[in-house]
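Take these sequences, add in the hints, and give me the full structure.
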Amino acid sequence: MHRFANPTRFLRLANVLLPWLGVAAVLLLGSGLWLGLFRSPADYQQGETVRIMYVHVPAAWVALAGYSTLALSSLAFLVWKHPLADLAARAASPIGAGFTAIALVTGALWGQPMWGTWWVWDARLTSVLVLFFLYVGHMALTNAFDDPERGGRAGAVLALVGVVNLPIIKFSVDWWNTLHQPASVLRMGGSAIDPAMLTPLFVMAGGYFAVFAAALLLRIRALYAERRLRQLRLSLPDA
Amino acid sequence: MSEFFAMGDYAAFVWPSYAVAFGVMAGLLAWAWWSARHGEAEVERLRAAGLDPRREAGRGGTP
Chain A
1 MHRFANPTRF
11 LRLANVLLPW
21 LGVAAVLLLG
31 SGLWLGLFRS
41 PADYQQGETV
51 RIMYVHVPAA
61 WVALAGYSTL
71 ALSSLAFLVW
81 KHPLADLAAR
91 AASPIGAGFT
101 AIALVTGALW
111 GQPMWGTWWV
121 WDARLTSVLV
131 LFFLYVGHMA
141 LTNAFDDPER
151 GGRAGAVLAL
161 VGVVNLPIIK
171 FSVDWWNTLH
181 QPASVLRMGG
191 SAIDPAMLTP
201 LFVMAGGYFA
211 VFAAALLLRI
221 RALYAERRLR
231 QLRLSLPDA
Chain B
240 MSEFFAMGDY
250 AAFVWPSYAV
260 AFGVMAGLLA
270 WAWWSARHGE
280 AEVERLRAAG
290 LDPRREAGRG
300 GTP
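Going down the list, the protein sequences come from chains A and B.
The numbering used here applies: residue 1 is where the first sequence begins, and numbers increase by one.
The numbering used here applies: residue 240 is where the second sequence begins, and numbers increase by one.
For the record, the hints were derived by calculation from the structure and aren't laboratory data.
Be careful, since some hints might not be right.
Quick list of simulated restraints, FRET-style, between CB atoms [stated by the list, open to error]:
#1 B/Glu283 / A/Met188: 52 to 58 Å
#2 A/Val79 / B/Ala245: 51 to 57 Å
#3 A/Val26 / B/Ser241: 56 to 62 Å
#4 A/Ser184 / B/Ala250: 24 to 30 Å
#5 A/Trp34 / B/Ala265: 15 to 21 Å
#6 A/Val26 / B/Ala280: 45 to 51 Å
#7 B/Pro255 / A/Gln231: 51 to 57 Å
#8 A/Pro41 / B/Ala280: 47 to 53 Å
#9 B/Arg276 / A/Ala183: 20 to 26 Å
#10 B/Gly262 / A/Leu234: 54 to 60 Å
#11 B/Ala280 / A/Gly22: 29 to 35 Å
#12 B/Glu242 / A/Leu75: 47 to 53 Å
#13 B/Ala280 / A/Asn177: 49 to 55 Å
Positions of the beta carbon are idealized from the N, C-alpha and C atoms, including for glycine.
This is the structure:
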């Protein structure tokens, strides 16, 4: 881990990874679309709306993984005070918010035909909405200070407090009554979903994760450049 | 083919879902890519103008 805390080394690694992530994203999302729209059956209960699952569930997975990225980076920043960990946390929140927004909107578009409502204030939906606000709050808080160090620390504390929301999201469908269906992929006793639907779901999820990773690396590069610009401008004689 | 696009009469829900998912992901990637390119170009521009703090420090007493 610490080896990649060196910005130059990290940027070199990022530039090696980025083209591969791009290729993986195009291939996986392309075949995910093909499998999901043409090669998988309609559901016996949900009909064609089940195809919304292929864009909805991976977004929710990435939303959770994105928050883990944010929380781990925040922890690393608080413990080791390494600026690159701060940049990773700052890069993760808007991207995580984007994927959470996908999960919320596609969930509403799936809820209306299947449940008869766009939205209910039940545990799963509400806790994912809280996740979205945690991301947005992190973005606002980290940028609310003139001193980026203080902003980074405040954001890191918020991100770590928000970790309590992750198990709530995961187990919300077991702990409370909800319209949302229970865990069906990652559950004890194996998946409840037919392989014909599970394959496109996993392929699409792979594509989503490639997009997340590529956007994250690009944003870290952008934020690192912003830091350098700040240093350059501060070093100007008339600054 | 029109049967495919009708999505069993759920076209109004299936296609917007796909549009939102791919639209947001494309937007995120485009923004991330553009901001990285823009920021790095700006750093290069200032460095080329001789404003690199590392070089500044090294220049010390030279006229």
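Evaluated hints:
1. B/Glu283 / A/Met188: 52 to 58 Å: 54 Å, holds
2. A/Val79 / B/Ala245: 51 to 57 Å: 55 Å, holds
3. A/Val26 / B/Ser241: 56 to 62 Å: 28 Å, violated
4. A/Ser184 / B/Ala250: 24 to 30 Å: 25 Å, holds
5. A/Trp34 / B/Ala265: 15 to 21 Å: 18 Å, holds
6. A/Val26 / B/Ala280: 45 to 51 Å: Since A/Val26 and B/Ala280 have Cβ atoms about 25 Å apart, the given range 45 to 51 Å is violated.
7. B/Pro255 / A/Gln231: 51 to 57 Å: 45 Å, violated
8. A/Pro41 / B/Ala280: 47 to 53 Å: 49 Å, holds
9. B/Arg276 / A/Ala183: 20 to 26 Å: 41 Å, violated
10. B/Gly262 / A/Leu234: 54 to 60 Å: 38 Å, violated
11. B/Ala280 / A/Gly22: 29 to 35 Å: 20 Å, violated
12. B/Glu242 / A/Leu75: 47 to 53 Å: 52 Å, holds
13. B/Ala280 / A/Asn177: 49 to 55 Å: 54 Å, holds
Violated hints, listed in ascending order, are 3, 6, 7, 9, 10 and 11; each of the other numbered hints is respected by the structure.
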